[in-house]
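Residue numbers (the numbering used here): 372 to 481.
None of these hints come from the bench; they were simulated from the model. A few of these clues could be false.
Said to hold, decoys possible - Restricting the straight-line Cα-Cα distance to at most 25 Å, the calculated cross-link-like pairs of lysine-lysine (DSS-like) are:
| # | residue 1 | residue 2 |
| --- | --- | --- |
| 1 | Lys-411 | Lys-441 |
| 2 | Lys-466 | Lys-441 |
| 3 | Lys-466 | Lys-455 |
| 4 | Lys-403 | Lys-413 |
| 5 | Lys-455 | Lys-411 |
| 6 | Lys-455 | Lys-403 |
| 7 | Lys-403 | Lys-466 |
| 8 | Lys-413 | Lys-455 |
| 9 | Lys-403 | Lys-441 |
| 10 | Lys-455 | Lys-441 |
| 11 | Lys-441 | Lys-413 |
What the hints assert, rightly or not - Label pairs and their in silico Cβ distance ranges:
| # | residue 1 | residue 2 | range |
| --- | --- | --- | --- |
| 12 | Gly-383 | Lys-413 | 13 to 23 Å |
| 13 | Gly-435 | Ala-372 | 16 to 26 Å |
| 14 | Ala-448 | Gly-428 | 33 to 43 Å |
| 15 | Ala-462 | Glu-431 | 31 to 41 Å |
| 16 | Arg-382 | Glu-426 | 26 to 36 Å |
| 17 | Met-419 | Ala-372 | 14 to 24 Å |
| 18 | Gly-417 | Pro-460 | 17 to 27 Å |
Keep in mind that this is a model prediction, so the values were computed, not measured. For every residue, glycine included, the Cβ atom is placed at its ideal position computed from N, Cα and C.
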Amino acid sequence: AIFTVLIVGARGVQNTNWLPGFGKAHCYCEVKRGDTLLHKTKIVDGSMAPRWVEEFGVCEYEVGESLDFKVWESREAGDAYLGKVVLAPEAFMDKGCNMEFPMEEAEPNI
């Protein structure tokens with residue numbers, strides 16, 4: 372691998388089920404480089420702060436490409452998009468990256 376990525380988790384995830392009595396979100400994260408899926412985490416059931424702690428290697432990478440992390444809620448009626456983080460290469464290529472990022476396109480407080 373050229374480098375490895377460790378996805379730790381997310382917090383403040385909003386439940387997309389608006390009906391009373393429905394449980395907490397069942398979340399997973401997809402990581403893409405352009406249109407190429409690099410990794411899909413396991414689904415963490417019933418958590419508003421899912422922790423995946425999954426590591427994977429990136430074997431093909433073109434200098435300048437961003438990594439896109441999208442968080443989804445797995446649902447029987449179709450998965451619901453919760454938000455994303457776009458990690459620009461300057462954030463991780465020189466010295467690596469061990470940071471927390473706010474999700475874009477998410478509900479407030481995520």
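Now the hints, each set against the structure:
no.: 1; hint: Lys-411 <-> Lys-441; verdict: holds, 10 Å
no.: 2; hint: Lys-466 <-> Lys-441; verdict: holds, 23 Å
no.: 3; hint: Lys-466 <-> Lys-455; verdict: holds, 23 Å
no.: 4; hint: Lys-403 <-> Lys-413; verdict: holds, 15 Å
no.: 5; hint: Lys-455 <-> Lys-411; verdict: holds, 14 Å
no.: 6; hint: Lys-455 <-> Lys-403; verdict: holds, 11 Å
no.: 7; hint: Lys-403 <-> Lys-466; verdict: holds, 21 Å
no.: 8; hint: Lys-413 <-> Lys-455; verdict: holds, 17 Å
no.: 9; hint: Lys-403 <-> Lys-441; verdict: holds, 8 Å
no.: 10; hint: Lys-455 <-> Lys-441; verdict: holds, 4 Å
no.: 11; hint: Lys-441 <-> Lys-413; verdict: holds, 13 Å
no.: 12; hint: Gly-383 <-> Lys-413: 13 to 23 Å; verdict: holds, 20 Å
no.: 13; hint: Gly-435 <-> Ala-372: 16 to 26 Å; verdict: holds, 18 Å
no.: 14; hint: Ala-448 <-> Gly-428: 33 to 43 Å; verdict: holds, 34 Å
no.: 15; hint: Ala-462 <-> Glu-431: 31 to 41 Å; verdict: violated, 19 Å
no.: 16; hint: Arg-382 <-> Glu-426: 26 to 36 Å; verdict: violated, 19 Å
no.: 17; hint: Met-419 <-> Ala-372: 14 to 24 Å; verdict: violated, 32 Å
no.: 18; hint: Gly-417 <-> Pro-460: 17 to 27 Å; verdict: violated, 35 Å
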